[in-house]
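Colleague: For reference, the chains in residue letters:
2 protein chains.
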Amino acid sequence: MDKKENLGIVDTKFFNLPQGITLASGEKLEPVTIAYETYGALNKEKSNAVLILHALSGDAHAAGLHEGEDKPGWWDAMIGPAKAFDTNKYFVICSNVLGGCRGTTGPSSINLKTNKPYALGFPLISIGDMVTAQKALIDHLSIEKLLTVVGGSMGGMQVLSWLVKYPKAVRSAIPIATALKHSPQQIAFDEVGRQAIMADPNWKSGNYYDGTHPDSGLAVARMVGHITYMSDISMEEKFGRQRKNGVGPFKFTADFEVEGYLRYRGDNFVKRFDANSYLYITKAMDNFDASAKRPFHEVLSGQPVKVLAIAFKSDWLYPAYQSKEIVKACKHAGIETSYCEVDSTYGHDAFLLETEEETHLISHFLKSVSQKRGKT
Amino acid sequence: MDKKENLGIVDTKFFNLPQGITLASGEKLEPVTIAYETYGALNKEKSNAVLILHALSGDAHAAGLHEGEDKPGWWDAMIGPAKAFDTNKYFVICSNVLGGCRGTTGPSSINLKTNKPYALGFPLISIGDMVTAQKALIDHLSIEKLLTVVGGSMGGMQVLSWLVKYPKAVRSAIPIATALKHSPQQIAFDEVGRQAIMADPNWKSGNYYDGTHPDSGLAVARMVGHITYMSDISMEEKFGRQRKNGVGPFKFTADFEVEGYLRYRGDNFVKRFDANSYLYITKAMDNFDASAKRPFHEVLSGQPVKVLAIAFKSDWLYPAYQSKEIVKACKHAGIETSYCEVDSTYGHDAFLLETEEETHLISHFLKSVSQKRGKT
Numbered sequence: 258m259d260k261k262e263n264l265g266i267v268d269t270k271f272f273n274l275p276q277g278i279t280l281a282s283g284e285k286l287e288p289v290t291i292a293y294e295t296y297g298a299l300n301k302e303k304s305n306a307v308l309i310l311h312a313l314s315g316d317a318h319a320a321g322l323h324e325g326e327d328k329p330g331w332w333d334a335m336i337g338p339a340k341a342f343d344t345n346k347y348f349v350i351c352s353n354v355l356g357g358c359r360g361t362t363g364p365s366s367i368n369l370k371t372n373k374p375y376a377l378g379f380p381l382i383s384i385g386d387m388v389t390a391q392k393a394l395i396d397h398l399s400i401e402k403l404l405t406v407v408g409g410s411m412g413g414m415q416v417l418s419w420l421v422k423y424p425k426a427v428r429s430a431i432p433i434a435t436a437l438k439h440s441p442q443q444i445a446f447d448e449v450g451r452q453a454i455m456a457d458p459n460w461k462s463g464n465y466y467d468g469t470h471p472d473s474g475l476a477v478a479r480m481v482g483h484i485t486y487m488s489d490i491s492m493e494e495k496f497g498r499q500r501k502n503g504v505g506p507f508k509f510t511a512d513f514e515v516e517g518y519l520r521y522r523g524d525n526f527v528k529r530f531d532a533n534s535y536l537y538i539t540k541a542m543d544n545f546d547a548s549a550k551r552p553f554h555e556v557l558s559g560q561p562v563k564v565l566a567i568a569f570k571s572d573w574l575y576p577a578y579q580s581k582e583i584v585k586a587c588k589h590a591g592i593e594t595s596y597c598e599v600d601s602t603y604g605h606d607a608f609l610l611e612t613e614e615e616t617h618l619i620s621h622f623l624k625s626v627s628q629k630r631g632k633t
Numbered sequence: 258m259d260k261k262e263n264l265g266i267v268d269t270k271f272f273n274l275p276q277g278i279t280l281a282s283g284e285k286l287e288p289v290t291i292a293y294e295t296y297g298a299l300n301k302e303k304s305n306a307v308l309i310l311h312a313l314s315g316d317a318h319a320a321g322l323h324e325g326e327d328k329p330g331w332w333d334a335m336i337g338p339a340k341a342f343d344t345n346k347y348f349v350i351c352s353n354v355l356g357g358c359r360g361t362t363g364p365s366s367i368n369l370k371t372n373k374p375y376a377l378g379f380p381l382i383s384i385g386d387m388v389t390a391q392k393a394l395i396d397h398l399s400i401e402k403l404l405t406v407v408g409g410s411m412g413g414m415q416v417l418s419w420l421v422k423y424p425k426a427v428r429s430a431i432p433i434a435t436a437l438k439h440s441p442q443q444i445a446f447d448e449v450g451r452q453a454i455m456a457d458p459n460w461k462s463g464n465y466y467d468g469t470h471p472d473s474g475l476a477v478a479r480m481v482g483h484i485t486y487m488s489d490i491s492m493e494e495k496f497g498r499q500r501k502n503g504v505g506p507f508k509f510t511a512d513f514e515v516e517g518y519l520r521y522r523g524d525n526f527v528k529r530f531d532a533n534s535y536l537y538i539t540k541a542m543d544n545f546d547a548s549a550k551r552p553f554h555e556v557l558s559g560q561p562v563k564v565l566a567i568a569f570k571s572d573w574l575y576p577a578y579q580s581k582e583i584v585k586a587c588k589h590a591g592i593e594t595s596y597c598e599v600d601s602t603y604g605h606d607a608f609l610l611e612t613e614e615e616t617h618l619i620s621h622f623l624k625s626v627s628q629k630r631g632k633t
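In the order they appear, the protein sequences are chains A and B.
Be aware that the first sequence starts at 258, since it is given in my numbering, and climbs by one per residue.
Be aware that the second sequence starts at 258, since it is given in my numbering, and climbs by one per residue.
Only chain A is shown next, with the shape it has when bound in the complex (with noise of 0.2 Å):
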């Protein structure tokens, strides 16, 4: 086996549709900026592109170093010569979602109209509506299937719906640690979190972009998006009950090691995300539904594409037996279908931390759909 490297240097590139793109609510945007970034070459077949879907949280710079910074893309330990991703063979594309903050037009791009940010006056967007500007990307880049379209969380959700959208335009698709649709307790504490930021007296309706920022409502909500990325356990082996500096108990500054983590990614998180992005793109979550026009299995149905189903054990935010209704409904559609539940105590962010286990899945399935492929 060829050692892993790293991707060195990459920078991310934007691609600007003046014509922007009409929503699933008829809605037209215009015009629309999608960021991305993409990693190794295109074959001359442009058989070999991979598309990955990011989470909440994420954007286009999944792997490699950005000039000057110290901190890889997201998901670089699964993207690069040798790794699952291995960018000696395939053509990664990452792209930051429709609504975004990372670069992609969002409810903070400015308005043309207005030349204003849009703020509240951005449209309601969906998970299809990311996949309608993923999809013009893609045919930017002239390619005609992916050889798989691959994500964890609301990344999944989008490899969900790119099956439902584009079937004929993916060769395979990698839902990892997601759902065909949130349960009342996603929605639940995916609502918990747009309250806490318009509780914050700085949200002011959205529009809070040429003043102060609604911060503190805004790290409230990742702060509870922490806890459920974690498990009980992970939790327990990385805090336990440990007290900051072994003093306390103080009065209600953060004593115990949990509370200062959770403050401290609060904190940090609203350096870089907008509030309203926040809210735009939870709702996006929590409408998905990848039944909502006709059964997911039946929208499938004899499809030659094939599917590699991820969940993990631990996972309390998206339990396994989601994982497992994707499974059956693509079984159902007569898909070839594998299913992985990995034994990993990380809770919901194993998808980004249980790098082995799922370079060793995905390697092995890139490999049997890259075969398969040439054979049909």
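Just so you know, not all the hints are guaranteed correct.
Said to hold, decoys possible - FRET-style restraints, in silico, Cβ to Cβ:
#, chain 1, residue 1, chain 2, residue 2, range
1, A, Gly468, B, Gly497, 35 to 41 Å
2, A, Leu299, B, Tyr521, 52 to 58 Å
3, B, Ile490, A, Asn368, 40 to 46 Å
Claimed, not checked - List time: in silico BS3-like cross-link candidates among lysine-lysine, alpha-carbon distance up to 27 Å:
#, chain 1, residue 1, chain 2, residue 2
4, B, Lys438, A, Lys495
5, B, Lys581, A, Lys495
6, B, Lys438, A, Lys508
7, A, Lys501, B, Lys461
8, B, Lys508, A, Lys461
9, B, Lys508, A, Lys285
10, A, Lys508, B, Lys285
11, B, Lys495, A, Lys550
12, A, Lys461, B, Lys528
13, B, Lys508, A, Lys422
14, B, Lys508, A, Lys550
15, B, Lys392, A, Lys508
16, B, Lys461, A, Lys528
17, B, Lys570, A, Lys495
18, B, Lys581, A, Lys570
19, B, Lys528, A, Lys508
20, A, Lys508, B, Lys550
21, B, Lys508, A, Lys528
22, B, Lys550, A, Lys501
23, A, Lys392, B, Lys508
24, B, Lys461, A, Lys461
25, A, Lys373, B, Lys508
Quick caveat, the hints were computed from the structure, so don't treat them as lab data.
Just so you know, these numbers come straight off a predicted model, no measurement behind them.
All residues carry an ideal CB built from backbone N, CA and C; glycine is no exception.
With chain A's structure known, arrange chain B on it following the hints.
Modeller: Chain B alone, transformed into the frame defined by chain A:
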């Protein structure tokens, strides 16, 4: 079997301790008022007293109706003639916890030194301090030995604290859906609630009593709480993905039923609860550790007390493994201990809702405890 009856009109009484109490921290809190209710009558031997201990948001009004109100006390289904705590047999007492805001001295009470509410001038209190106050009340009622101490969630922590502090003063104990100490996940959920309150600009470092209260922050805290009190299944059964009035999707108004429910519960809570009490009480829960001074099983070793521990299968906030740890420690201490894991889908809320199953378990247990007394 006798027919269950409701208690009818009851009222809250107040017990004043002008000399106050000495807290575990060494600080003196004076004066202290304790709000409490009693149901049934104390027998001549003073051997039939049951102390009910409430959870985070509970109060002294455990059963019956207050004059002019139509909502009974929080555990009304359990307390009354022929109910689990049969007021024909037992003298039932319930008091509001120290640090609370429902009649017992807490941060919203007037500090006689300043003639203003304590706010954050209120000392940090512990679960043990709540029990110290309850013991003063029990002494005042001339009860030397309680037939049982019983409570769910934070009430269960007080049960454990009674066992640690006053093992000679209890004949039996019924900890329900509780823990020897909070896990980091439980601390984390509490911390998010506290952060939501303290992020509300109306909180003003606790000095809000003469102005607008931090209702938005407290409502968010309560919403987080409510998610953790229910189970994935109970939310699915209660709300599914039902939209309000069948319409939507809307932008950021509550369009899913579950969103509306959480907002309603959040908004209602702020009418009856004080934000600073929320901070103090959750912090007391997080700091609680039944083995803080000496291992719990050592403290209890050889005590002639009988324990019934109850947990609920779908309770993920206080998972059954935490009740099993209590049971294990009790057995280690050589105490006669029964354990039941009730097969409920209600999540943590089950301790308030599974009253039929609890009635069955508790009435048998109390009967055996009463009989045992006759023999020893």
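Colleague: Confirm or reject each hint.
Modeller: Hints and how they fare:
In this structure the hint that Gly468(A) and Gly497(B) lie 35 to 41 Å apart at CB holds, the actual value being about 40 Å. Take Leu299(A) and Tyr521(B): their Cβ atoms lie about 53 Å apart, and the range 52 to 58 Å holds. For Ile490(B) paired with Asn368(A), a C-beta distance near 43 Å keeps the hint of 40 to 46 Å intact. Between Lys438(B) and Lys495(A) the alpha-carbon distance is near 17 Å, which keeps this suggested pair within the 27 Å criterion.
Between Lys581(B) and Lys495(A) the alpha-carbon distance is near 23 Å, which keeps this suggested pair within the 27 Å criterion. Restraint check for Lys438(B) and Lys508(A): the C-alpha separation of about 18 Å stays at or below 27 Å, so the hint holds. Annotation: proposed proximity of Lys501(A) to Lys461(B) holds, straight-line Cα distance about 25 Å (limit 27 Å). Of the pairs offered as hints, the one joining Lys508(B) and Lys461(A) holds, with about 15 Å between alpha carbons and a cut-off of 27 Å not exceeded.
At most 27 Å may separate the alpha-carbon atoms for a hinted pair to count; Lys508(B) and Lys285(A) meet this at roughly 17 Å. Distance check on the hinted pair: Lys508(A) and Lys285(B) sit about 17 Å apart at the alpha-carbon level, within 27 Å; holds. For the hint linking Lys495(B) to Lys550(A), the alpha-carbon distance of about 24 Å falls within 27 Å, and the restraint holds. In summary, the hint linking Lys461(A) to Lys528(B) is supported, as the alpha carbons are separated by about 24 Å, within the 27 Å threshold.
Between Lys508(B) and Lys422(A) the alpha-carbon distance is near 24 Å, which keeps this suggested pair within the 27 Å criterion. For a cut-off of 27 Å, the pair hint linking Lys508(B) to Lys550(A) stands: about 21 Å separates their Cα positions. For the given pair, Lys392(B) sits about 25 Å from Lys508(A) by alpha-carbon distance, which is consistent with the 27 Å threshold. Proximity of Lys461(B) to Lys528(A) is assessed by CA-CA distance (about 24 Å); at most 27 Å being required, the pair is judged to hold.
Restraint check: the Cα-Cα separation between Lys570(B) and Lys495(A) comes to about 26 Å, which is no more than 27 Å; the hinted pair holds. The hinted pair formed by Lys581(B) and Lys570(A) meets the criterion: a straight-line CA distance of about 22 Å does not exceed 27 Å. Restraint check for Lys528(B) and Lys508(A): satisfied, since their Cα atoms lie roughly 25 Å apart, inside the 27 Å limit. For the hint linking Lys508(A) to Lys550(B), the alpha-carbon distance of about 21 Å falls within 27 Å, and the restraint holds.
At roughly 25 Å between alpha-carbon atoms, Lys508(B) and Lys528(A) fall within 27 Å of each other, so this suggested pair holds. Restraint check for Lys550(B) and Lys501(A): satisfied, since their Cα atoms lie roughly 20 Å apart, inside the 27 Å limit. At roughly 25 Å between alpha-carbon atoms, Lys392(A) and Lys508(B) fall within 27 Å of each other, so this suggested pair holds. Restraint check for Lys461(B) and Lys461(A): satisfied, since their Cα atoms lie roughly 19 Å apart, inside the 27 Å limit.
A hinted pair counts as satisfied when its Cα atoms are at most 27 Å apart, and Lys373(A) with Lys508(B) qualifies at roughly 20 Å.
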